[in-house]
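Using the sequences and the hints, build the whole thing.
Each chain, letter by letter, is given below.
2 protein chains.
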Amino acid sequence: MKRLGKYTLKFENPPEIIAHAGCAGKKEGEGPLGGDFDKVFEDAMMGQSSWEKAESFLQRETLKTAIEKSGLKNDDINFVFSGDLLNQCAASAYGMRELHIPYLGQYGACSTMAQTIIMASVFCESGAANYAAAITSSHFCTAERQFRNPIDYGGQRPPSAQWTVTGSGAAIITQSHKSENSPKIAVTHATVGRITDFEITDANNMGAAMAPAAAETISDFLRDTKSSPDEFDCILTGDLGLVGSELLIEILKKNNIDISKVHRDCGVLIYNAEEQDVHAGGSGCGCSGSVLCSHVLSNMKSGKINRVLFVGTGSLQSTTSIQQGESIPGVAHAVLIESI
Amino acid sequence: MKRLGKYTLKFENPPEIIAHAGCAGKKEGEGPLGGDFDKVFEDAMMGQSSWEKAESFLQRETLKTAIEKSGLKNDDINFVFSGDLLNQCAASAYGMRELHIPYLGQYGACSTMAQTIIMASVFCESGAANYAAAITSSHFCTAERQFRNPIDYGGQRPPSAQWTVTGSGAAIITQSHKSENSPKIAVTHATVGRITDFEITDANNMGAAMAPAAAETISDFLRDTKSSPDEFDCILTGDLGLVGSELLIEILKKNNIDISKVHRDCGVLIYNAEEQDVHAGGSGCGCSGSVLCSHVLSNMKSGKINRVLFVGTGSLQSTTSIQQGESIPGVAHAVLIESI
Numbered sequence: 000m001k002r003l004g005k006y007t008l009k010f011e012n013p014p015e016i017i018a019h020a021g022c023a024g025k026k027e028g029e030g031p032l033g034g035d036f037d038k039v040f041e042d043a044m045m046g047q048s049s050w051e052k053a054e055s056f057l058q059r060e061t062l063k064t065a066i067e068k069s070g071l072k073n074d075d076i077n078f079v080f081s082g083d084l085l086n087q088c089a090a091s092a093y094g095m096r097e098l099h100i101p102y103l104g105q106y107g108a109c110s111t112m113a114q115t116i117i118m119a120s121v122f123c124e125s126g127a128a129n130y131a132a133a134i135t136s137s138h139f140c141t142a143e144r145q146f147r148n149p150i151d152y153g154g155q156r157p158p159s160a161q162w163t164v165t166g167s168g169a170a171i172i173t174q175s176h177k178s179e180n181s182p183k184i185a186v187t188h189a190t191v192g193r194i195t196d197f198e199i200t201d202a203n204n205m206g207a208a209m210a211p212a213a214a215e216t217i218s219d220f221l222r223d224t225k226s227s228p229d230e231f232d233c234i235l236t237g238d239l240g241l242v243g244s245e246l247l248i249e250i251l252k253k254n255n256i257d258i259s260k261v262h263r264d265c266g267v268l269i270y271n272a273e274e275q276d277v278h279a280g281g282s283g284c285g286c287s288g289s290v291l292c293s294h295v296l297s298n299m300k301s302g303k304i305n306r307v308l309f310v311g312t313g314s315l316q317s318t319t320s321i322q323q324g325e326s327i328p329g330v331a332h333a334v335l336i337e338s339i
Numbered sequence: 000m001k002r003l004g005k006y007t008l009k010f011e012n013p014p015e016i017i018a019h020a021g022c023a024g025k026k027e028g029e030g031p032l033g034g035d036f037d038k039v040f041e042d043a044m045m046g047q048s049s050w051e052k053a054e055s056f057l058q059r060e061t062l063k064t065a066i067e068k069s070g071l072k073n074d075d076i077n078f079v080f081s082g083d084l085l086n087q088c089a090a091s092a093y094g095m096r097e098l099h100i101p102y103l104g105q106y107g108a109c110s111t112m113a114q115t116i117i118m119a120s121v122f123c124e125s126g127a128a129n130y131a132a133a134i135t136s137s138h139f140c141t142a143e144r145q146f147r148n149p150i151d152y153g154g155q156r157p158p159s160a161q162w163t164v165t166g167s168g169a170a171i172i173t174q175s176h177k178s179e180n181s182p183k184i185a186v187t188h189a190t191v192g193r194i195t196d197f198e199i200t201d202a203n204n205m206g207a208a209m210a211p212a213a214a215e216t217i218s219d220f221l222r223d224t225k226s227s228p229d230e231f232d233c234i235l236t237g238d239l240g241l242v243g244s245e246l247l248i249e250i251l252k253k254n255n256i257d258i259s260k261v262h263r264d265c266g267v268l269i270y271n272a273e274e275q276d277v278h279a280g281g282s283g284c285g286c287s288g289s290v291l292c293s294h295v296l297s298n299m300k301s302g303k304i305n306r307v308l309f310v311g312t313g314s315l316q317s318t319t320s321i322q323q324g325e326s327i328p329g330v331a332h333a334v335l336i337e338s339i
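Residue numbers (numbering that gives the first Met the number 0), protein chains in the order written: chain D, 0 to 339; chain W, 0 to 339.
Quick caveat, the hints were computed from the structure, so don't treat them as lab data.
No incorrect hints appear here.
Chain D is faced by these chain W residues, among others (derived, beta-carbon under 10 Å):
| # | residue |
| --- | --- |
| 1 | SER49 |
| 2 | GLU51 |
| 3 | ALA92 |
| 4 | HIS99 |
| 5 | GLY104 |
| 6 | THR111 |
| 7 | THR141 |
| 8 | GLY313 |
| 9 | GLN323 |
Okay, the calculated bits of chain D under chain W, using three or more residues with CB under 8 Å as the criterion:
| # | region |
| --- | --- |
| 10 | 106 to 116 |
| 11 | 192 to 204 |
| 12 | 306 to 320 |
Note that CB positions come from ideal geometry on N, CA and C, so glycine has one too.
And the structure:
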């Protein structure tokens, strides 16, 4: 591994994503990416006795699907890096409990999918792991009642509010020499973000809290790798939604970086925002997880796109910190995924 | 890096712990290790407007102290791996916010200090980082009101209950060749644990939930490294408390492993259990963090002890999962710290 510039890692033997799976709920299944998910669960309870247990089930099913697609067994996976939005990352702990894979819980809010991929990649390239799994989940019902209101309260949502995705994404990563695939989908670079805080205090406007973090990490990455936005098929944020995406493009333009032609956002892609009444789009670490690990990686596999800069964006507040008048810290981590 | 046996990593160029700091609250300052902490804060509020802000302050002060002792600047640290017990790891996010160090949030409950050391070590040995920081915190008042009861409720505590430590520990880790220190305190091996669940449902008996995880990880480590307990100056768990420690020794004895002579537990060491009325001892990821990064590493530095197998133990429940009748999953991660 090599450090490039101040903040970026270059994987000299780029770890390969050998399998991936994205699963989602009913509403996501009805959205524009519905056909791309490996599984769509029509019932929010997924046969479990609580939404929280359903989210754990969803995460486990998604990882199982990815492992199955990889041709490996649970026992072959040396580490699972897993995260979610629930207090004490409980969806991950209970979701991964029965799999008996060495477990390292990650918390980066909605940036977690990028974080888990970075962890799995560093562990694979360094030889710490032969195979590692990166996985995240979120569930509309568990997030809504934990962070906002009881589901049946039916409060008004402002236009900047995002809709927590019921979804999960999993990727199985390995050392590059462990597979003979060619071309391979590989993680070639990573930039870990610093926490930024632009003193946004409105928990219904997380896009605005995360956009400055995304702008900083994208700037860091482009500077460190001496590259420009037009070198990528897509700069994919997850999840700024409509409000945050506009802000991101605006902030970067002020720094003479124009990503408008190649920018996409997982929170915007996953729903038909107007028809599906989701206001500013999707959010939750299952949003970028499920979109990346189904739609995006499938398009890379089929050769439709070849270079994706995936930028996971997270807002790190808790309900307690907001109630205490704190502002919302944002963070963003970038991974460059390439067909090589 | 090399994989040893099924679960253990051997660092061929062992990352060095170049500096460490442990800070704590008043009660911990009055305990048997009081003289070893870098700073003791007499006031639980630490000059902040809430206990949560105090915990963030404590974590930040502890990391600042460790960085200062290392002779580095914030800007030299490539990554900070940080974790705590608060919902959404908020003590870490707000604690690390102003430091502008690339941030990767970790959640392993009370096993987090071992987890962050493993992360920092893998990142350093692989060349991903020149310098990385590992840090955890907990605070009695934030944990008590989040997990149990309002502080002023004054409920009865059963004998198996542990007392959440107000404390924080930080270690600064680097690639072995970056320093000329000799002897060095280095991280030579690590074993990441799987989630175990022995169907304990009593959140006031976390020691019992974590002991089987600790037993499994210690067994994995000893088998993978072909070593026996008497080769270590100390097998240090954090934090099983009195109840969990007894259980751990009992479980391992059934597997013909006797650690009774070398076993210590951070939760037992930090208080005079009877005099200080803490029942089964201390807990919280600031317990093992502050004990390891003050008392234990200082004793290694002065040559009193040379080989410590530190086993962080975490119970991964949330209040919601317990209310829903779930049992408590446990996890334990081991790092072998040696003077070499």
